[in-house]
Amino acid sequence: MKILLTLLICAGSVVAQQIGNPTTQQGVLPPRGTFAIRNARIVTVTGPDIENGTVVIRDGKIEAVGTNVNVPAGAQTIDGRGLSVYPGMIDAGTNMGLVEVPQGANGTVDLSEVGDLNPNAKAIIAVNPHSAHIGVTRVEGITNTLTAPTGGLISGQAALINLLGTAPKEMAVVPQAALVINYPRIGFGGGGFGGGFQQPANLADTLTANERQVEQIRKMLRDADAYGRAQDAYAKDKSLPRPDRNVVLEPLVPYVRGEQPVIFRADREAEIRGAIKFAEEMKLKPIILGGNDAWKVASLLKEKNIPVILTGVFSLPSREDDAYDALYENPAKLQQAGVRFCISTGDAGPEVRNLAQYAGMAAAFGLSKADAVKSVTLYPAQILNVADRLGSIEVGKMANLVVTDGDLLEIRTRIKYLLIDGRAVVLTSRHTELNDAFKNRK
Amino acid sequence: MRRLILLLGIIAVFGLTAYAQTETLIRNATVLTVTQGALQNTDVLLRNGKIAGVGKNLKASANARMIDATGKFVMPGIIDCHSHSMLDTINEGTLAVTSMVRTQDVLNTTDVDLYRELAGGVTTLNLLHGSANPIGGLNTVVKIKYGRPASEFLFPGAMPGIKFALGENVKRSSQPNLPGVTRRYPNTRMGVEETIRDAFTRARDYKRTWDEYREAVKKDKNLIPPRRDLQLEPLVEILEGKRYVHAHCYIASEILMLISIADEFGFKIKTFQHVLEGYKVAKEIAQHGAGASIFADSWGYKIEAYDAIPYNAAIMTRAGVVVSMNSDSDERARRLNIEAAKAMHWGDLTEEQALKLVTLNPAIQLGIQERVGSIEVGKDADIAIWNGHPFSVYSRVDTTFIDGDVYFDREKDLARRPELAKERATLEQAEPNKPPARGQSPQTPRRRPSGHEDDAEVEKP
Chain A
1 MKILLTLLIC AGSVVAQQIG NPTTQQGVLP PRGTFAIRNA RIVTVTGPDI
51 ENGTVVIRDG KIEAVGTNVN VPAGAQTIDG RGLSVYPGMI DAGTNMGLVE
101 VPQGANGTVD LSEVGDLNPN AKAIIAVNPH SAHIGVTRVE GITNTLTAPT
151 GGLISGQAAL INLLGTAPKE MAVVPQAALV INYPRIGFGG GGFGGGFQQP
201 ANLADTLTAN ERQVEQIRKM LRDADAYGRA QDAYAKDKSL PRPDRNVVLE
251 PLVPYVRGEQ PVIFRADREA EIRGAIKFAE EMKLKPIILG GNDAWKVASL
301 LKEKNIPVIL TGVFSLPSRE DDAYDALYEN PAKLQQAGVR FCISTGDAGP
351 EVRNLAQYAG MAAAFGLSKA DAVKSVTLYP AQILNVADRL GSIEVGKMAN
401 LVVTDGDLLE IRTRIKYLLI DGRAVVLTSR HTELNDAFKN RK
Chain B
1 MRRLILLLGI IAVFGLTAYA QTETLIRNAT VLTVTQGALQ NTDVLLRNGK
51 IAGVGKNLKA SANARMIDAT GKFVMPGIID CHSHSMLDTI NEGTLAVTSM
101 VRTQDVLNTT DVDLYRELAG GVTTLNLLHG SANPIGGLNT VVKIKYGRPA
151 SEFLFPGAMP GIKFALGENV KRSSQPNLPG VTRRYPNTRM GVEETIRDAF
201 TRARDYKRTW DEYREAVKKD KNLIPPRRDL QLEPLVEILE GKRYVHAHCY
251 IASEILMLIS IADEFGFKIK TFQHVLEGYK VAKEIAQHGA GASIFADSWG
301 YKIEAYDAIP YNAAIMTRAG VVVSMNSDSD ERARRLNIEA AKAMHWGDLT
351 EEQALKLVTL NPAIQLGIQE RVGSIEVGKD ADIAIWNGHP FSVYSRVDTT
401 FIDGDVYFDR EKDLARRPEL AKERATLEQA EPNKPPARGQ SPQTPRRRPS
451 GHEDDAEVEK P
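Chain order of the listed sequences is A and B.
Note that the first sequence covers residues 1 to 442 in the working numbering.
Note that the second sequence covers residues 1 to 461 in the working numbering.
Everything labelled a hint here was simulated from the structure, so no lab data went into it.
Only part of the chain A face toward chain B is listed, based on derived beta-carbon distances under 7 Å:
| id | residue |
| --- | --- |
| 1 | A105 |
| 2 | E320 |
| 3 | Q357 |
| 4 | R412 |
| 5 | H431 |
| 6 | L434 |
| 7 | N435 |
| 8 | K439 |
Don't be surprised by glycine CBs; every beta carbon is placed ideally from N, CA and C.
Could you put the whole structure together from the sequences, leaning on the hints where they help?
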């Protein structure tokens with residue numbers, strides 16, 4: 001690889017060189033190298049942009065950033081003239097790696113467990129590192145996804161992953177990053193994707209069914225709290241009767257104690273308000289996922305300091321009399337109201353690569369361009385409590401970096417280099433490979 | 001008088017500019033003509049529904065509306081070659097051949113998604129029947145004259161068309177196998193071929209029967225005409241080159257299959273729709289003379305979409321295929337500018353080639369290229385003013401014109417919002433709208449069925 005890079009540097013003006021291992025070598029994790037990206041515009045996100053700066057990467061971390069930094073001997077140098085360096089984008093609302101083909105190939109679908117209450121379903125167990133979606137997504141500059149299960153009322157636990165690795169363990173940034181709850185939707189059998197087909201006949205029945213579902217969740221969380229206290233008590237005093245271990249309740253303990261975030265899928269105003277109230281009652285640390293009506297609940301979200309992962313920027317407004325741009329401008333409205341938010345595709349996999357356009361559209365409708373970049377880098381990192389590791393270009397952070405030939409969010413911009421966890425990733429995917437196979441067919 | 005009241009009523013309801021505006025001068029814009037490149041600091045004059053001038057320092061009459069478009073971009077109205085907007089129903093899926101049904105009979109002019117599409121710079125839609133059957137219903141090409149009666153939506157002179165479909169949807173792959181319920185034929189891609197072959201064999205005989213009758217009746221006026229067959233008539237029109245075939249398809253083999261049938265019966269496929277594996281058989285599609293109307297980058301949502309790649313537009317364009325990018329979705333239709341720009345990102349099409357994907361090329365595919373698809377004097381005044389380059393993700397539409405009339409105006413839209421919010425609040429307080437009991441209203445929005453991805457039968461909430 002060194003030889004290849006040397007050649008590239010000598011070639012100078014040749015563009016679209018690639019570094020790292022081909023994706024076809026799925027079993028080989030590229031090594032953590034020492035790199036220096038020189039003479040580039042560096043969009044640090046947390047600080048001002050640095051024109052003509054250098055980023056040094058070593059052992060998977062960002063070692064130095066600035067205009068006057070020492071390039072370590074033996075570092076592989078990337079000529080960044082005319083290029084920009086951004087932190088990798090993060091999509092905090094996907095099912096990446098849990099489904100390959102949703103329709104007609106059930107064997108590839110690992111989204112939702114049987115039953116309504118599955119806190120022990122862990123996305124990190126099922127995520128497929130060799131999914132074609134991962135390569136296709138990362139070559140567009142997305143380095144991380146939160147990968148969440150979808151079913152029932154308590155869907156399971158989402159994982160925050162790097163989009164690189166030969167095994168789930170290698171991909172995991174936070175293997176159990178959040179508990180996912182489908183806050184019951186009024187008018188439907190269950191929450192989110194897990195909803196049944198039975199629609200209650202009238203409002204009273206609807207509300208009763210809804211309350212029953214909330215009560216199911218409440219009961220399980222209370223059981224988990226009691227379970228945790230029983231285990232703690234026994235740990236301190238072995239003379240107490242030993243409580244049995246319970247693999248379903250045990251993973252819930254850090255969530256019911258407010259130590260780990262609980263993601264509530266909720267789009268409509270009533271559901272968002274319901275989720276906020278419920279989280280407060282149960283003393284949880286809530287995040288709203290979806291949030292189509294979040295702009296209507298902005299002051300409450302602000303007051304309670306509850307962040308929102310917006311997945312609906314490209315959705316059609318749900319009411320006929322909503323403004324045509326109600327969801328395009330949802331992020332700008334939240335920003336103005338001081339609500340913490342980030343932007344996500346909410347997609348299972350194939351469309352995650354378009355994350356930049358979701359953020360760009362928000363900027364077309366009121367969000368500043370800088371905030372639009374933050375909404376897919378720093379903000380999701382903050383919401384997922386990993387801003388110490390991801391989301392900006394700062395010394396000590398994980399080297400998840402994207403080198404582009406222009407504005408990160410613009411459609412026509414190309415990704416030139418990609419680093420994940422300090423590893424150089426070759427910019428090929430199933431799609432570039434099929435393109436190469438057929439583009440010259442005569 | 002009653003008509004006047006009605007007209008005023010419509011204007012009041014939809015808040016559109018009066019349709020009496022006959023002249024508009026858009027000044028000092030960057031004009032993306034599509035056929036003559038991008039013209040800087042250029043005026044566009046719209047008069048009597050047509051583009052009357054494109055150039056510098058154009059003059060308009062005293063009562064013309066003037067729009068200062070400094071720093072803005074003018075682009076032809078986007079043409080969506082695959083839409084199901086404003087259709088009250090999409091699939092007549094009970095039979096394998098439903099060429100007797102017409103989308104024109106189920107137009108819902110009040111579909112609010114039409115307005116949302118106008119706000120994305122879209123002016124023309126190809127409304128297609130769904131993809132439940134090898135030979136589906138007849139299409140309708142419309143201008144999005146939101147607020148006008150259905151008859152005014154119809155695009156004058158557009159070529160009549162029909163929907164065909166191949167592959168998983170036609171095989172009913174995602175339909176459950178219910179005990180005691182007979183599956184509809186066909187069940188395989190073999191059966192799909194046979195269904196189409198059978199239909200055209202019958203159509204050819206039917207045409208012969210009528211041809212023979214028309215000859216014979218010249219000599220004997222008392223001859224009884226053959227019985228009309230509404231299913232076969234459109235197929236005869238296809239054989240006579242009077243009706244365009246828009247064929248939904250995915251994989252390479254089924255594309256070649258349909259080309260082979262068309263060659264055998266002597267007709268042309270006008271467009272392959274979706275045609276996700278078109279890049280694998282671009283040469284054959286070009287040789288047949290068919291167009292391709294595709295998604296920019298949708299893939300992986302079903303097995304037959306697993307080999308889709310975003311380089312499809314570029315590979316087929318370079319092979320000589322007329323390619324368009326469509327939405328097949330009320331949502332995506334609002335951002336076809338972004339979809340077109342993707343062909344520059346993946347596959348290096350030029351800006352002009354990419355612009356054509358949503359303007360001139362779909363116009364050609366619908367037989368309306370003399371009327372729309374580029375900014376040229378004499379063409380219909382169907383254009384949109386964008387606040388930046390339409391290929392920038394940061395741009396949005398300010399104003400959309402059809403036949404010179406304004407159908408979307410962002411400024412007016414914004415101005416009306418406080419008033420509409422007040423109206424909504426008043427209506428919510430009205431007695432009939434109060435929730436029946438127990439506090440809050442359930443707020444269950446009614447969703448009408450809407451075309452999705454590839455017209456699969458499943459209607460998602």
